[in-house]
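Participant: The residues making up each chain are set out below.
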Amino acid sequence: MASSIRVRAIASGEITEVQTLIQHPMDSGFVKDDKGEIIPAHFIQELTFEYDSRKVFVADWGTAVSKDPYVKFSFKGGNKGDDLKVSWIDNQGAADTATVKIQ
Amino acid sequence: MRSRLKLALAAFAVLALSAISSAGAADKPDPVADASAFRNYFVKKFPSLKLEDFVNGPYALNEDMRRQWLEKEQFPPYEFSLEMGKELFARPFANGKHYADCFPHQGIGIRQNYPYFDEKEGKVVTLELALSRCREANGEKVISFVGEEMAALTAYMAFTSRGKLFDINIPDDPRALDAYQRGKRYFYTRRGQLNFSCATCHVQYPGERMRAEVLAPAVGILNAMPIYRSEWGGMGTISRRFTTCDSQIRGVPLEPQAEEYRDLEYYLSYVSNGLPISGPGARP
Amino acid sequence: MSMIGSIAQIRLCCLLVPMWLIAGAVSVPAAGSETEFKAAYAAAEAAEKEAGRLRNRWTVTEAALIEAKKAADRGDFDQAISSAKEAEALAKASIFQAESEKDAWKNLEMR
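Protein chains in written order, with our numbering: chain A, 81 to 183; chain B, 122 to 405; chain C, 7 to 117.
Be aware that one or more of the hints could be misleading.
With the C-beta cut set under 10 Å, the calculated list includes, among others, these residues of chain C facing chain B [said to hold, decoys possible]: (1) Lys55; (2) Ala57; (3) Asn62; (4) Trp64; (5) Glu68; (6) Ala99; (7) Asn113; (8) Arg117.
Which chain C residues stay away from chain B? Per the calculated CB distances, all over 12 Å, these [said to hold, decoys possible]: (9) Ala69; (10) Ala77; (11) Glu115.
What the hints contain is simulated information worked out from the structure, not anything from laboratory work.
The model shown is predicted, which means the values in this text are computed figures rather than measured ones.
For every residue, glycine included, the Cβ atom is placed at its ideal position computed from N, Cα and C.
Construct all of the structure, not just a fragment, from the sequences and the given hints.
Facilitator: Laid out in structure tokens, this is it:
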């Protein structure tokens, strides 16, 4: 099954810039479908980026983040060729993870 | 009393005469002149833009939006739909055939030629209609013109044509000219309780705001289709945009791919001839 | 017709109009009837059908028709008639729009 995570990390001097696009419905639980039934809340609760066994970015998300979220951030450190790990877990217990080499 | 009657008759005669003369002037449509006038209007209105810039809609007209869009284009939101489209396009039908069998060049790099006027049937055929007919011809069930699957398929086909210039042809056939003219008329006709025509927003006020949205210019407006609209949280076809536009101005939308919409697409695509395909696109 | 005669005529008309309005208001029954509703709704539907034929229906007309039906279903014929008349007016406006736009569209055309 294709990964839900697209990620790219580029190191430039001291800073590594990370961009990620995650495929996820991010249903708020407030929207009704065609039949008038509530679409159950289904959203990423925690998104974590790890480098060198430490967390460089952690997001606690709720229902306000929209579908297919895109995140961009920078962190100090990060060398070309090293691994960056991305993982998320949602309110229904589903999870996904991806690892990418810093460019 | 008599003089009043005479005056009334004279007035009516003048009106009638002018009606006849203007009907005479409602001559053969001149698409070449129309397209030229269409483009010149926008080029004059936005002198700092090159003609090909218009295909990016609001991003060509608003610096802040442009910056955000360029960032996101590194990881565009339509990527998932595009991948799905590629897969769907390649997947064989139950009878073993493929979409590629229905199109010239295997369906790759041809989006800029749609819509075209089918002289056999005497009607405009859009890309969506062609895909739908391909399914029908191969015993596959109907998919919605406004749904995700059609959006994904047209996204993939548009992607294979990225950079190619719109090349819409109006054959020397009075029916084709009629279809073009009907499309033009639809574009300028006011409709819905809000009494807007397509031109009201996209000719009179591009770059201005309609509530929170920045309006796109009409020239090049189909070049980015289909689009991932943040508002929709997903990919949407030309049919979806036309029908929702109508309901937004409080007009009951016609059926997707109704003759009016196909003619409209024909007109809008033709006047954007020479502008590059930028689809699939992303919009707020 | 002399000037004075016409002024007298106008004055008389002014008097008559409000009288007619008042008379009209008094003669309307206190509560709308189902028969009245059916007539109003039929008129609205006919107009909307014409608008549909012209491919120019408005969403608000459809909404008013639905409102009228709903009100009638719960027995509120006053509201039902009011909504039906609104629907008819909206439908007629959309017909007017379609008819006038047949020529008016050219005014917006870029040449």
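Participant: Against each hint, give a clear statement of whether it holds in the structure.
Facilitator: Now the hints, each set against the structure:
Given hint, C:Lys55 at the interface with chain B, is violated; its Cβ is 13 Å from that chain's nearest Cβ, farther than 10 Å. The closest approach between the C-beta of C:Ala57 and any C-beta of chain B is roughly 9 Å, which is under the 10 Å cut-off, so the hint is satisfied. Residue-level restraint check for C:Asn62 holds (minimum Cβ-Cβ distance to chain B is 6 Å; threshold 10 Å). The beta carbon of C:Trp64 is positioned within 10 Å of a beta carbon in chain B (closest approach about 5 Å), and the interface hint is therefore held.
Nearest Cβ of chain B to the Cβ of C:Glu68: about 6 Å, under the 10 Å cut. The hint holds. Because the beta carbon of C:Ala99 sits about 8 Å from the nearest beta carbon in chain B, less than 10 Å, this interface hint is met. A least Cβ separation of about 8 Å between C:Asn113 and chain B falls short of the 10 Å threshold, and the interface hint therefore holds. Among the interface hints, the one on C:Arg117 holds; its C-beta lies about 5 Å from the nearest C-beta in chain B, closer than the 10 Å criterion.
Not every CB of chain B is more than 12 Å from the CB of C:Ala69 (nearest about 9 Å), against its label as outside the interface. A cut-off of 12 Å between C-beta atoms confirms that C:Ala77 is not in contact with chain B; the least separation is 21 Å. The claim that C:Glu115 lies off the interface is violated: its Cβ sits roughly 5 Å from the closest Cβ of chain B, which falls inside the 12 Å cut-off.
In this structure, the earlier hints numbered 1, 9 and 11 are contradicted, and the remaining ones agree with it.
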